[in-house]
Amino acid sequence: MSNANGSSHSSTTLTPWDFERLSHFVRDQYHIQLPLAQRNQLSFQLHKRLHDLDIQSFSAYVDRLLDPEQGQDELGHFVDAITLHQVGFFDQPGELEYLVQHVLPELIRAHGAGIQRPFSVWNAGCGSGEEAYTLSMVLSEFADRSPGIGFKYQVLATDPSLRDINKAQRAIYSHDSALAVPVSFKKRYLLKSRDPSRRLVRVSKELRQSVRFRQLNFMAPSFSLRERMDVIFCRALFSYFDHRVRQQLVQKLCRHLTPGGYLFVGQNDNIGDMPLPMTRVAPAIFCLSA
Numbered sequence: 001m002s003n004a005n006g007s008s009h010s011s012t013t014l015t016p017w018d019f020e021r022l023s024h025f026v027r028d029q030y031h032i033q034l035p036l037a038q039r040n041q042l043s044f045q046l047h048k049r050l051h052d053l054d055i056q057s058f059s060a061y062v063d064r065l066l067d068p069e070q071g072q073d074e075l076g077h078f079v080d081a082i083t084l085h086q087v088g089f090f091d092q093p094g095e096l097e098y099l100v101q102h103v104l105p106e107l108i109r110a111h112g113a114g115i116q117r118p119f120s121v122w123n124a125g126c127g128s129g130e131e132a133y134t135l136s137m138v139l140s141e142f143a144d145r146s147p148g149i150g151f152k153y154q155v156l157a158t159d160p161s162l163r164d165i166n167k168a169q170r171a172i173y174s175h176d177s178a179l180a181v182p183v184s185f186k187k188r189y190l191l192k193s194r195d196p197s198r199r200l201v202r203v204s205k206e207l208r209q210s211v212r213f214r215q216l217n218f219m220a221p222s223f224s225l226r227e228r229m230d231v232i233f234c235r236a237l238f239s240y241f242d243h244r245v246r247q248q249l250v251q252k253l254c255r256h257l258t259p260g261g262y263l264f265v266g267q268n269d270n271i272g273d274m275p276l277p278m279t280r281v282a283p284a285i286f287c288l289s290a
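Residue numbers for the sequence shown follow our numbering, so the first one is 1 and each next one is one higher.
No lab work stands behind these hints, which were simulated from the structure alone. Remember, predicted model here, so these are calculated numbers, not experimental data. Ideal Cβ placement from N, Cα and C applies to all residues, glycine included. Treat the hints with care, since some could be wrong.
[Claimed, not checked] Dumping the calculated BS3-like pairs for lysine-lysine here, alpha-carbon to alpha-carbon at most 30 Å: (1) Lys-205 - Lys-187; (2) Lys-187 - Lys-152; (3) Lys-205 - Lys-192.
[To be verified] What follows is a list of derived Cβ distance ranges for each label pair: (4) Asn-270 - Arg-163: 39 to 49 Å; (5) Gly-148 - Gln-41: 15 to 25 Å; (6) His-47 - Glu-97: 48 to 58 Å; (7) Gln-41 - Ser-174: 17 to 27 Å; (8) Asp-242 - Pro-283: 14 to 24 Å; (9) Gln-33 - Gly-260: 47 to 57 Å; (10) Leu-53 - Gly-150: 47 to 57 Å; (11) Gly-148 - Met-219: 42 to 52 Å; (12) Leu-53 - Gly-260: 41 to 51 Å; (13) Ser-239 - Ser-146: 49 to 59 Å; (14) Trp-17 - Gln-215: 45 to 55 Å; (15) Pro-35 - Gln-116: 43 to 53 Å; (16) Pro-118 - Pro-93: 43 to 53 Å.
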């Protein structure tokens, strides 16, 4: 079967030409890089959209997406497809330990963070919420172990994908995705499905209420955040962008950090050679100059 352009529905992979068209589009619109190695993965992600829209070829889909009028309604779905990376529950536990052992005591001592005002954490690029809820678990446990100081905290989690934000707010995950959560944390913060065969867990209401989720385009001129953050976790974004855009994004994040605040990035994010007002204090952890 063919569409009006003569393209066959049987193709299950984006052609190099159509992938190049998409690559140019996302680079111009979002400054996101699409390596050729992602072609098969992107084809898989978009296949359901072709079915939902009753479009018979990837070429016709790309035509629709790039059309100034028709494409507007599809942009959100396409952004969901290209933002694939997720940080899971308790990913990189060494960084979480550094947060508890070094960052929290230092910022409490220097700024009264968590005591004179809530300790503020921003999970930039939160995906479907696993990292944001992990941070809230860790901070909640810290507060419980320090009852004498009255520690308070707040977590803001943002992502460009509305699909992921909606999933994060539902806070329902597969049992297997939560395997890295320590047993004591599972007992307190994760609720099992009443139907054991479904193998699902849901984050407790207490924890869900501790995280604010909102959609945010990281290429927007302003993030429109009123408060400065003590800590920013941004471990799922930089790999999408080229060196120039990564530097601009880090600079924007720095403007939302308190002096002496900390930025946590991905293990493979190369920002250490950028001229930034930050000092590397550990692998993938930077401190903003006070």
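How the hints compare with the structure:
no. : hint                          : result
1   : Lys-205 - Lys-187             : 13 Å, holds
2   : Lys-187 - Lys-152             : 22 Å, holds
3   : Lys-205 - Lys-192             : 13 Å, holds
4   : Asn-270 - Arg-163: 39 to 49 Å : 29 Å, violated
5   : Gly-148 - Gln-41: 15 to 25 Å  : 50 Å, violated
6   : His-47 - Glu-97: 48 to 58 Å   : 41 Å, violated
7   : Gln-41 - Ser-174: 17 to 27 Å  : 20 Å, holds
8   : Asp-242 - Pro-283: 14 to 24 Å : 23 Å, holds
9   : Gln-33 - Gly-260: 47 to 57 Å  : 32 Å, violated
10  : Leu-53 - Gly-150: 47 to 57 Å  : 53 Å, holds
11  : Gly-148 - Met-219: 42 to 52 Å : 44 Å, holds
12  : Leu-53 - Gly-260: 41 to 51 Å  : 50 Å, holds
13  : Ser-239 - Ser-146: 49 to 59 Å : 35 Å, violated
14  : Trp-17 - Gln-215: 45 to 55 Å  : 32 Å, violated
15  : Pro-35 - Gln-116: 43 to 53 Å  : 46 Å, holds
16  : Pro-118 - Pro-93: 43 to 53 Å  : 24 Å, violated
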